[in-house]
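We have chain Z already, so just place chains D, U and C on it with the hints.
There are 4 protein chains.
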Amino acid sequence: MIIIMNSEVTDEQIGGVVNKLKDFGLDSNVSRGVERTVIGAIGDETKVDKELMQSLPGVENVIRVMKPYKIVARSYHKQDTVIDINGIKLGGKEIQVIAGPCSVETQDQMDAAAQGVVDAGCRMMRGGAFKPRTSPYSFQGAGVEGLEMFHNAASKHKLPVVTELMDVRSLDAFVEHEVDVIQIGTRNMQNFDLLKEVGRIHKPVILKRGMSATISEWLMAAEYIAAGGNHNIIFCERGVRSFETYYRNVLDVTAIPVLKKETHLPVIVDPSHAGGKAWMVPALSRAAVAAGADGLLVEMHPTPCEAWCDADQALTPEELKSLMGELKGIAQVIGRDI
Amino acid sequence: MIIIMNSEVTDEQIGGVVNKLKDFGLDSNVSRGVERTVIGAIGDETKVDKELMQSLPGVENVIRVMKPYKIVARSYHKQDTVIDINGIKLGGKEIQVIAGPCSVETQDQMDAAAQGVVDAGCRMMRGGAFKPRTSPYSFQGAGVEGLEMFHNAASKHKLPVVTELMDVRSLDAFVEHEVDVIQIGTRNMQNFDLLKEVGRIHKPVILKRGMSATISEWLMAAEYIAAGGNHNIIFCERGVRSFETYYRNVLDVTAIPVLKKETHLPVIVDPSHAGGKAWMVPALSRAAVAAGADGLLVEMHPTPCEAWCDADQALTPEELKSLMGELKGIAQVIGRDI
Amino acid sequence: MIIIMNSEVTDEQIGGVVNKLKDFGLDSNVSRGVERTVIGAIGDETKVDKELMQSLPGVENVIRVMKPYKIVARSYHKQDTVIDINGIKLGGKEIQVIAGPCSVETQDQMDAAAQGVVDAGCRMMRGGAFKPRTSPYSFQGAGVEGLEMFHNAASKHKLPVVTELMDVRSLDAFVEHEVDVIQIGTRNMQNFDLLKEVGRIHKPVILKRGMSATISEWLMAAEYIAAGGNHNIIFCERGVRSFETYYRNVLDVTAIPVLKKETHLPVIVDPSHAGGKAWMVPALSRAAVAAGADGLLVEMHPTPCEAWCDADQALTPEELKSLMGELKGIAQVIGRDI
Amino acid sequence: MIIIMNSEVTDEQIGGVVNKLKDFGLDSNVSRGVERTVIGAIGDETKVDKELMQSLPGVENVIRVMKPYKIVARSYHKQDTVIDINGIKLGGKEIQVIAGPCSVETQDQMDAAAQGVVDAGCRMMRGGAFKPRTSPYSFQGAGVEGLEMFHNAASKHKLPVVTELMDVRSLDAFVEHEVDVIQIGTRNMQNFDLLKEVGRIHKPVILKRGMSATISEWLMAAEYIAAGGNHNIIFCERGVRSFETYYRNVLDVTAIPVLKKETHLPVIVDPSHAGGKAWMVPALSRAAVAAGADGLLVEMHPTPCEAWCDADQALTPEELKSLMGELKGIAQVIGRDI
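Residue numbers (the UniProt record's numbering), protein chains in the order written: chain Z, 1 to 338; chain D, 1 to 338; chain U, 1 to 338; chain C, 1 to 338.
So here's chain Z without its partners, still in its complex pose (with noise of 0.2 Å):
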């Protein structure tokens, strides 16, 4: 931690941040410039609360000079983490395409879903059983009825069900309808009770980007699931909100080669919601599987002129074979497969 004093910083202003760096167990570098005095504090920064010493009389500025997370940063563990997910690999040299409709509606619905995901080659299906929608008058979701459709349609074709976890009293039907990956949405990103909870269980969890957070409280909310104990955690950069009304959210690739430097974890990509039709789905697809993507996150929907969800931003069950072979070129040029 670094603390740049005003310029007019007085000897007993300088005692005093020193002395309460003591209190926090660290040592002081006192580097007297020209225009200004900074003290570097030696020892573990983590331990020192940065806005009290932004409080303190003369200071500045405060500068962190360590990352503040830990277990999920490159540096704990230098190796790609490779998450195993009923046998299919996420994070490794394969590229997994999760597809499926926004939500869950009936049996016949995600019966055909289901084909459509195994006709076009994709491993793992996606569908929403607990909705969050901006009216309380749109539909909710099918609730743990739509946890069962899920699973009778995914079954079928051992594809791993991945679905959105939004309320802490929901998990227990999360396990017992064996949910095997499950997704936090952006609304929840910092819901910090529900990280905690999924923290202390191992199932492998997607945690989306939050609409306008940054890297670094990402990797944060990321750090309270692996502070519990679960280190099986999948970053889904979404889109972040802007000032372009043209697109829903902008799509941020520079965050995909960020992640995996800062992260051992897989970092995959919803192309979907970034973009908010499905025009523009195969474009963002190929970027994300370019710029280095883990995997994909897709809606598809058997009719999507009838989805009870998001009908505009579905693909056909056509559309996603066919992004599926573009995807498999890119995926090579890059030394991946698909």
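Intra- or inter-copy, both count: the list cannot distinguish identical chains.
Capping the alpha-carbon separation at 27 Å, the derived lysine-lysine pairs in DSS-like fashion look like this:
{"no.": "1", "residue 1": "Lys67", "residue 2": "Lys50"}
{"no.": "2", "residue 1": "Lys261", "residue 2": "Lys328"}
{"no.": "3", "residue 1": "Lys260", "residue 2": "Lys203"}
{"no.": "4", "residue 1": "Lys277", "residue 2": "Lys67"}
{"no.": "5", "residue 1": "Lys328", "residue 2": "Lys93"}
{"no.": "6", "residue 1": "Lys277", "residue 2": "Lys20"}
These are calculated hints, taken from the structure and not from any lab test. Quick caveat: nothing in here was measured; it's all calculated off a predicted structure.
Frame of chain Z; chains D, U and C shown alone:
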């Protein structure tokens, strides 16, 4: 609802849109212009799924004419709603300044803080027992014990207690320890299950704006609470995320007159979390009151330099008192009291 | 300047940084911590190229300790700068409201507007003769003829003329037609050649904040003007771009106290372009004055519904007059006049 | 154009809107719904001033149905426009990578850079002689002398010269020194007088996206150039401003398919300024090509650690060559060449 068709639309596609509207129970008004055909839907557009209409062939754009919010809308209730909190009125002529520390630390700290609140002439007290912290390794709040300390300190002065609820499972403890106003934090603005729960009780709820929530999303989050039967909702603007790094958030004062126009519910402002520095709080507080806010939520700590959380943004009791004097003057200019 | 080395840094890399600093004429203070080595540069850091340091092997991050702005900095000139505009003082105790139409249309319109400005008690007048319009097919302003009409209308009441300069080639016409204050618009905040030109003359310059300019970039843009010798610079906050679509921009009131701390130059606010709707202007104007602005730039049109530009954001002369009354009250509360 | 009236509209107000539309030469279609009256304007809406309509009594909202851009719109010219630059085609099957240093420094540096460009298999060269720098105290570019050095280096290899124009007064020098492609920088995207000037000549123009420009504003800026008669316009996405501090800008890959849909003009990407770090460039370049970009603008310097500008974002000649190999593979997957 207005459906704008693309420039190469066919009669069949227009018919498809008209039929789909009929399925939803609405009539149509087809207007063929020089360059575009536009279809107006006649009837209750809230029954229509916008995304589904957008996915129909030939459709270029779909625009809602009606506001999506109902109970919280100004049109639902023309008069300002005044919320009664143990006899103290929020939303009326009198502006309420709710002050207190970021987090509940010790009984002594809370006792001193309560005294400071009263001395400054404020009538309600804030303080966090459950703290949403970016890092899992930071102090997470004193929990239920904190609720007790808070209650002890506040009840001596008959100060209503305002504190944050993060987890549905803590709601019983909040009722038991006589929390007077429940605060829903920024990170939980769209934690819909939590909103539904506070919608089932009748305690006043302060709903903080999400990090980058639009006005419309914020009103819809309140609609979740209102739809459950609890209409005692207070909006709290606390700054939105931006590219600027000099201050934590950009306080959005424009949201104040806009909300006062769109909703009948009270609007307060948190100048402390907006700016993130104690020295910015007076200017932001004055601006908020001048723009028409019904109240403020201000951080004050008996000894800021020793605070366990956000030490650099708390006012001292003396600074709070001095600020109250300025605010009183501004309130009078615009025909209000404090 | 502080250089933070990465965790696997070698002695050779540390030596490389020290040598490069020596090339720039600075000494070094190498501090080897438990987890990181940090190098403090001793001397005038403005001589060092930050990006170059950042590109050296072993460097993780480079942090400037000094502010990059000089002449415009508060540390350069401790007292508030008061700018004299034909005897009217801006930046002192008296708050100045500069009012007038978005664009100069006709002599009659300008005459009526000037009368409205005077009747409301304002002492300076604004109006655009050269208009930066998003579309090349929109009215582009009355040009030099507009400058004449403006001068005719304003000189009758001895109102200083404030108008926007878009092109270096128009500067002679501005001098010839006795423009009193030159406005640099949002889209030209970083049009550095234009800034250099207005730095060569001594007329006061209003520098509007760029659409999404940081405080630091804005101060540096002013530094371009100041470096040329013209220190008569007035900052004008006019809202920043955000995700919100209800209003045009988010008025950033926090920028007011921040600029007053960082610079000795006056700060004014344009509430009209910020909100984009006339009905928002009074609340935003009150907030700006309460937060400490030295003046306002307000759109007023004798007959808004017939304005050729931004018709929906202009106040009527009566609305302006009524607003002035409220602002006077707020000014007094904070020890100022209007 | 669609005019939505507020819920308490009177017949007189509806008549006022209909009459005003008639003034502009348009007919009206009045549709009285259950909750709102909606007026559709029949005719050429580009003749109507939206803000003026919005200011009329009883009007709640005004929505344009037509796109505001004309010449640059895909509907104006259905085929992709291919721009010929000294025999090299941009916008066709072949993807063009334009490489070179941030700034022109010395003849030796430019000669080495030109050799690097050719060795990597690129066919066009970039380099700045006039540099828009945030600080007035930073190196401002080698100026006209720089244009000469650039021309000397590039002409040996018949590489077309791409360089930035900042000031209308430099245009003659650009023509004289045979600049082949004029670049308009981010900060000048809405410098409308500069756009008008480059609209009068016929050299190809690269129009970089403004810091936080919407797609629509960007297209309208291009329309300024096109309206002058110069249709040789190339859009260049270079990242938009966001809250994230880890990288300089967020590269907006979604803009690529969106622009390809909205305009017939070529779209290229600058991955160097987007990320701001050399190590991010390969991933971003691959993503851009995979998403459908027609070209790239990449910073390469013979010795990055000695660059006078943006040293930390330039590739070495070897890195560029290796990147070209990867891009070739991706181009082939999507049916293009490089």
